[in-house]
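Whenever a hint applies, use it, and build me the whole structure from the sequences.
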Amino acid sequence: MTMKKFLSILLATTFAMALACGKGKEISKAEDEGEDDQEAQTTTTAAEGGTAATAPAAAAAPAVADAATLTGLVKFESAPPKMPAIRMNADPYCQSQHPTPATDEEVIVGAAGELANVIVFIKNAPAGPAPTTPAVLDQRGCQYHPHVQAVQAGQPLQIKNSDATLHNVHAMPVVNSAFNEGQPVPMTTTKKFDKPEMTPFKIKCDVHGWMKSYMVVLPHPYHGVSGMNGTFNIGNLPPGSYTIVAWHEKYGQQEQNITVAPKEAKTVNFTFKG
Amino acid sequence: MKPQEPIPHNYSIRSLNWIFALSSLALLLVTGIMVGYDYIRGWKWFQREFMRMQRERIEGEIKAADTAENKKQLAALDEKTKQSEVEIARNRQQYLLAQKDLDTWEGKHYAADQDYRFAKANLDAQRYVAELSVVQHREDAAAQQAEYRRQDRHVNDLLLRLQDVTRRRDGSKARVDQWLKSVKDAEDRKKELNASVDLYKKQLELVNNQRGSTNWILNLPMLDFVNPTLKIDQVVLSDLFVDVNYMHVPRVDRCQTCHRSIDTPGFESKKEAARLSQDIQQKLDAFQIPVEKRADAEGEIARLKRIEDAPYDTLNPWRTHPRLDTFVGSSSPHPLLEFGCTSCHRGQDRATEFGRAGHVPPNPKMQRRWSGVSMLTLGFFPLERDFEKRRWGWQQNPFLETPMHPRQYYEAGCLKCHSGQVVVDKGDRITKAMATVELYGCYACHKINNWRFTNLRKPGPDLNGIAEKTTPEWATRWIAEPHKFRSTTRMPSFFYQRNMIDPHVVPAAEIAQNIKFQDAEVHAIVSYLFAKSTHRVWQAPPAAGDAARGQKIVQSVGCLACHIESETIKDEKSGKVRLARRDDYPIERNYGFNFTGIGSKTHPGWIYNWVKNPKAYYADAPMPSLRLTDQEAADVTAYLVTQQKPQFMQMPVRPADPKAVHALAKGYLINTLTDRDAEARLRSMPMQEQLVYLGQRSIEKYGCYSCHNIKGFEGLKPIGTELTIEGSKSLHLFDFGFAHEYVAEQDGKHEHIQHSVPSWIYNKVRNPRIYDDERTKPYNDKLKMPNFHLSQDEAQLITTVVLGLTKDLVAQNRLAAQDSHSRLMEEGRKRVSQHNCRGCHVVDGTGRAIKATIADENFLPPDLSPEGARAQSPFLFNFLKDPTVMKIRPWLSVRMPTFHFDDKEANTLVTYFAEEGRAAQWDTAHGLTPPAQNVAIGRQVFAMLRCAQCHQTAPVNPENPPVPNVAETTSLAPNLTLSRLRLRHEWIADWIRRPNEMIPGTRMPANFPRDAATGGFQSPLALAIDMPQFASYKSALLPLFKNDEKELKRTMSDAVALTDYLRDYIWSIGITQMRAASPGGEVPAVTVTPSIPAAPAPAKTGQAASSSQLAASVEKR
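Chains as they are written, first to last, in this note's numbering: chain W, 1 to 274; chain F, 1 to 1117.
No lab work stands behind these hints: they were computed from the structure.
Ideal Cβ placement from N, Cα and C applies to all residues, glycine included.
Warning: the hint list may mix true and false statements.
[Unchecked claim] Here are the in silico distance ranges between beta carbons for each label pair: (1) 484(F) x 98(W): 53 to 63 Å; (2) 852(F) x 241(W): 32 to 42 Å; (3) 322(F) x 95(W): 30 to 40 Å; (4) 98(W) x 957(F): 51 to 61 Å; (5) 322(F) x 172(W): 27 to 37 Å; (6) 96(W) x 859(F): 23 to 33 Å; (7) 206(F) x 172(W): 48 to 58 Å; (8) 172(W) x 1072(F): 50 to 60 Å; (9) 59(F) x 253(W): 43 to 53 Å.
[Stated by the list, open to error] Quick list of in silico lysine to aspartate or glutamate cross-link-like pairs, EDC-like style, CA-CA up to 20 Å: (10) 250(W) x 844(F); (11) 1034(F) x 1060(F); (12) 432(F) x 844(F); (13) 202(W) x 114(W); (14) 202(W) x 279(F); (15) 195(W) x 857(F); (16) 195(W) x 279(F); (17) 250(W) x 857(F).
Rendered as structure tokens:
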């Protein structure tokens, strides 16, 4: 073997090694975590004599061709607990608004055992665009109206003080940013929760200890709240398999798995026990 | 010609040729191997890989910059340029005319400019001539002067002409520019749009290592000696030394050679990227980022989001260092160029091979992976292309004095500079580690000579009065097996441990003997303690207590900030009820003992007197007084007495074997006596005396006196090894015995002992007798360190601290928190930790362990985060010494206890708070009187905002304000007339503006919410002032603004002004007098005196209180 040949082989080997080292590979781990981190928008306006528009809390869902509807009844099986009257003597204004003392709104059960104020929502429905129609939380007669509600992430929430007294809105979400703002006069503050928050959180008034409201923030419009007759109604639902959740502030959460066919009018009932 | 005679040789040319040929071939081969080996060195592989990654990322950035939007804009600009060019072409004639006009004027301008300059030069010459002619009294002086004036006028004329021409030239130029402007603008904008992409492309060129590229050629073998781009990267740290046998050499950290992007963002792991973006988002939400920097912050979030969304995750060693704002980053407190890597991480600073740099695997699994050797290679250079399959051929280097801290002990590196701190900023783990060492009182047995672990209290209670508190029967069982009595106790187990009775590691024949010896020692210690104890009698409660009421008191006044009430806990994972462990609760709640079984341990009289006045039992008792009334104390006693643990008292106790006592006692005696004398001495001692003697020697042997005050052992040195430089001890000085693995009895986890210092320490604290396994040792030589029953995490925390205690040299200027401000803060923090303030309060952002036991968060003790800026120092001093001087929230059931601080201690705390709030310690605002007009405006604003809805404004007695009579006490807030005594003047307005930012989650609403866009404060009164409901306020306010409605409205929208008015009003209604702290810190309602003073009781605190104060305090309760 001549020297030249040997050298060229050696060089060739070195090059081969160089090429071998040249290209590696990064290990990929699929990990998806995405959140829309927008600022909570705040605007404060004074309501002219409290005439702000009262829009329905649940905004119209985008129309779906084969949409199904869900209706149902929430029943309470045990003997309804007697709710105490609220003592509003801390604030004469509040007292003056209730000639007969208001009762605590924690558990409201109808004559035939219908349970009101249960938030019913789909846990795993696809996210939809946020409606521009605002949801409204009204402080009237030193009570929250509605007592519980579901809003959609990104949907404006008008917080109204219809009372001639000081309220402070102390929202205590965990995922979204919490806030605590005073409303010394009849006025409306507009807030927005940007991220879905499936565990309902409390909104309270520190001035009036009895005032409590609960809210859940969903990524989609498929939710309802049981009324005084215990019924709820979720419309415009695209067909598919879902987990439907019913949540009550005292009696906790229940889940059911359902499948809805196109254009089906489905009934889902829930029963709570004390 | 005759052929030349061959020259005769003594050797064969032919074979020599062969030898030369072969050896030169061999030399070439070796050279080739050398070059080849140099080419494939490990660090080069890392650098090549890194260049590839950079390329990928830059390409990603280009893609991101090269968005559709960008492209659309560029296309539009091209279109515009084209249109303009067409426009110019269409009107070519006019354009050319304009251009020609400009050329003419340019020429004229040049000529005029020249004329002017020459004339001016001539004028200067003429001036000289004229001056000279005057000075020399020449005849033509007058003529020369006249000539000068003439030229001066001429220059002036020329200047005017030049100005005129310039103006017209500019006009002409503007007309031409008009034609070209649209083209030029489009070009500029295009450049701007392409700038970032161009920059990226330049960067891309720098990291391009593809075949055939410049970089590739520069790095070829043999060519790479000229100017390679793959280079060893190093930081020389001239003032951080490495100790190499009697010489200190500067550190030269070459870690960056492989850890390429350690100081540059962009290579974060996904987890880190998520954490960082969350951090920035939080800051954005809280308005901590100035308006002009918000856009940058949002850009940063977008960048991190791209990392989170990328298909790959960056692995070590290419990752960016986590938390660049704290470590390594150039603007962080630890910049790479100043601190390097090995000053915190340790390791071999100059090494560039993975195996030699001192990397230490955190666990056996990792060790196995690292030490794998590739068959193909020589072991230390891997060839595999796939990262996961590469083998590192790692070997432990037992001669390396400073191997790196393994992953779970990274924070050990902090201690080198931060041991002068109680709370390390952003160092939660090291802070917790130091707190854990303090909690377990490691410093009591092991001297740790640094600021953090000196001047601390003995962790155990005083034992000189043990006979007053409990019985020998209880004490015997307790000393033998404390964990059987309370699963959460910090008293460690000394007896019947692994090296005494475990049949797997101790020969069966030895066990029986060991048990007898241990029994004897337990009895002996109890005998000694009771023989030396005082015998004061603690009288039973004067009134019968109610246990149910007592339980309520215990749960509400604040006992549960330091004590745990139950020994069982519901496991969060399995949902089953199990025995509680200490780390089920925050550190603060482990401060006091668990109430379980207290009734079996002691008697009502002792409990009653203890809760009334702990200092009466022993002066150093850490328990403060909660100022319970006699009835309350009786109730609490009744409740605690019900906490019985009968099964513990029924545990069989073996009596001390006289032979064992004899043998052990003799073992000590023959150290100084002959065998015969020792026997004689023992014969002369009755059994009890022998026990007491053995007890004394056993307390000495086990070091009980290190943690407890015991008569006869005053001033003795602590029992354990000094740990001051334990982290620097060489591996060969640790005795690993024969132990390899074991199952931890506390949680059933398998532990493996690696042959490394961290592993030795970890397993020592987790299972202190482990290194006695299979050893043959005399009884008294066996390991004595007691078992603290630590969990994995606790053991790791303690190991972190011990590893951090090194003898590494640190320049004085590198030590953390050495300035006077920090020293004052840290002294205070040490007190805060010692008195367990965090049990109730949030201090330095953490604490309030009591929260778990108070259902309604409206009734929690206050958050002290803003206390320094909030409270006036004189008030705080007074209040700390004697909390009865002011009741701020009288409706709370939880009480601020009396700690009996002396002036010095109270001052340390007050100074700490003032320093933390960066406030003047003795502020002068106290005597300030606000202007009457401000007060009047403030009063109206106060009414309009309805502050009185929650805050009372009627003057009250600060010592005993009445609880406002409302059904809902949750809405009550402090009486504002107390503010002037308590709050700092400048703080009040600030608080009203941004309560949520000072104390997140506070009930005080933000009445002036921030504008989300600008961060400025908005005022709800700006609009409200015109509402009919507010007409009366408006009419009251107008005169105060001289009826200037515009000014009134401006003020009503100015949140800062409004809060200042509110502050002035609040200041004006404040009361200005309060009682000084009573000398003892409190006024006990009824003096407790032991009936038979067998030993002089410690001086009573508060006895000096006058009878009138006494009466007042009774009335108050």
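Structure versus earlier hints - violations, ascending order:
Of the numbered hints given earlier, those the structure breaks are 3, 4, 8, 10, 13, 14 and 15, listed in rising order.
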